[in-house]
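A.B. asks: What follows is each chain in one-letter form.
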Amino acid sequence: SAVISQKPSRDICQRGTSLTIQCQVDSQVTMMFWYRQQPGQSLTLIATANQGSEATYESGFVIDKFPISRPNLTFSTLTVSNMSPEDSSIYLCSVSGTTDTQYFGPGTRLTVL
Amino acid sequence: GENVEQHPSTLSVQEGDSAVIKCTYSDSASNYFPWYKQELGKRPQLIIDIRSNVGEKKDQRIAVTLNKTAKHFSLHITETQPEDSAVYFCAAPKPGGSYIPTFGRGTSLIVHP
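Keeping their order, the protein sequence lines are chains E and Z.
Residue 111 in the working numbering sits at position 111 of the first sequence, and the numbers go up by one each step.
Residue 16 in the working numbering sits at position 16 of the second sequence, and the numbers go up by one each step.
These aren't lab readings, by the way, just hints derived from the structure by calculation.
Please note that the accuracy of each hint is not assured.
Below, a list of computed lysine-lysine pairs in the DSBU-like style, where the Cα atoms sit at most 35 Å apart [unchecked claim]: (1) Z:37 <-> Z:57; (2) Z:37 <-> Z:58; (3) E:7 <-> Z:68; (4) Z:57 <-> Z:68; (5) Z:68 <-> Z:22; (6) Z:37 <-> Z:71; (7) Z:94 <-> Z:57; (8) E:65 <-> Z:42; (9) Z:71 <-> Z:58; (10) Z:42 <-> Z:22; (11) Z:37 <-> E:65; (12) Z:22 <-> Z:94; (13) Z:94 <-> E:65; (14) Z:94 <-> Z:37; (15) Z:57 <-> Z:71; (16) E:7 <-> Z:71; (17) Z:94 <-> Z:58; (18) E:7 <-> Z:94.
Kindly produce the complete structure, drawing on both the sequences and the hints.
C.D. replies: Structural data, given as structure tokens:
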């Protein structure tokens with residue numbers, strides 16, 4: 001399976017600011033995804049990060065709030081913009097190759113004050 | 001309605017007993033069904049998966065069964081141990097072609113020593 005890292009692992013931010021989360025994979029992957037997991041909840045897909053083009057967002061998530069980049073097949077960033085306390089959550093990237101099997105990064109725990 | 005429904009939300013068993021978690025899905029074209037285990041504070045880890053061309057798959061104490069006619073699949077854990085305590089998530093593809101999973105709400109399994 002791919003080795004996935006995320007930075008930062010956690011952060012505490014002030015409302016109104018933005019945070020960019022990085023996801024790095026040790027091998028080229030087909031698909032990269034960004035999820036949000038609120039405490040005690042399931043995994044909610046924010047968007048699919050497309051290499052070289054705009055991300056595909058799920059219902060309820062918009063590019064202005066969660067801009068995503070994927071400049072190559074091993075790296076992606078998610079920015080949480082103009083944060084509010086409701087954005088406090090764990091943000092996870094995941095990757096899959098040709099077999100549909102998904103592997104998750106360690107997550108970024110975000111607290112917004 | 002939801003693409004994937006998971007039951008029960010919590011499951012408490014004695015060590016050595018069996019545990020069964022069930023998920024139902026809506027899209028009859030779905031063909032890949034993974035199960036993830038998430039321990040507290042950690043990332044979801046794939047524990048077993050099944051594709052629609054088989055009805056059952058086993059890996060030591062865990063097994064997954066698939067009933068395509070009824071559109072449900074189940075995770076079976078035998079001889080449960082305290083280290084099996086975790087939240088378990090099932091997933092099934094969103095309707096529409098390329099594999100993008102939707103996750104169930106999760107089952108909190110507690111194994112009492």
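A.B. asks: Run every hint past the structure and note whether it holds.
C.D. replies: These are the hints, each one checked on the structure:
no. : hint          : result
1   : Z:37 <-> Z:57 : holds (17 Å)
2   : Z:37 <-> Z:58 : holds (16 Å)
3   : E:7 <-> Z:68  : violated (40 Å)
4   : Z:57 <-> Z:68 : holds (14 Å)
5   : Z:68 <-> Z:22 : holds (13 Å)
6   : Z:37 <-> Z:71 : holds (22 Å)
7   : Z:94 <-> Z:57 : holds (22 Å)
8   : E:65 <-> Z:42 : holds (26 Å)
9   : Z:71 <-> Z:58 : holds (19 Å)
10  : Z:42 <-> Z:22 : holds (23 Å)
11  : Z:37 <-> E:65 : holds (30 Å)
12  : Z:22 <-> Z:94 : holds (18 Å)
13  : Z:94 <-> E:65 : holds (23 Å)
14  : Z:94 <-> Z:37 : holds (20 Å)
15  : Z:57 <-> Z:71 : holds (16 Å)
16  : E:7 <-> Z:71  : violated (39 Å)
17  : Z:94 <-> Z:58 : holds (25 Å)
18  : E:7 <-> Z:94  : holds (29 Å)
Violated hints for the displayed structure, listed by number in ascending order: 3 and 16.
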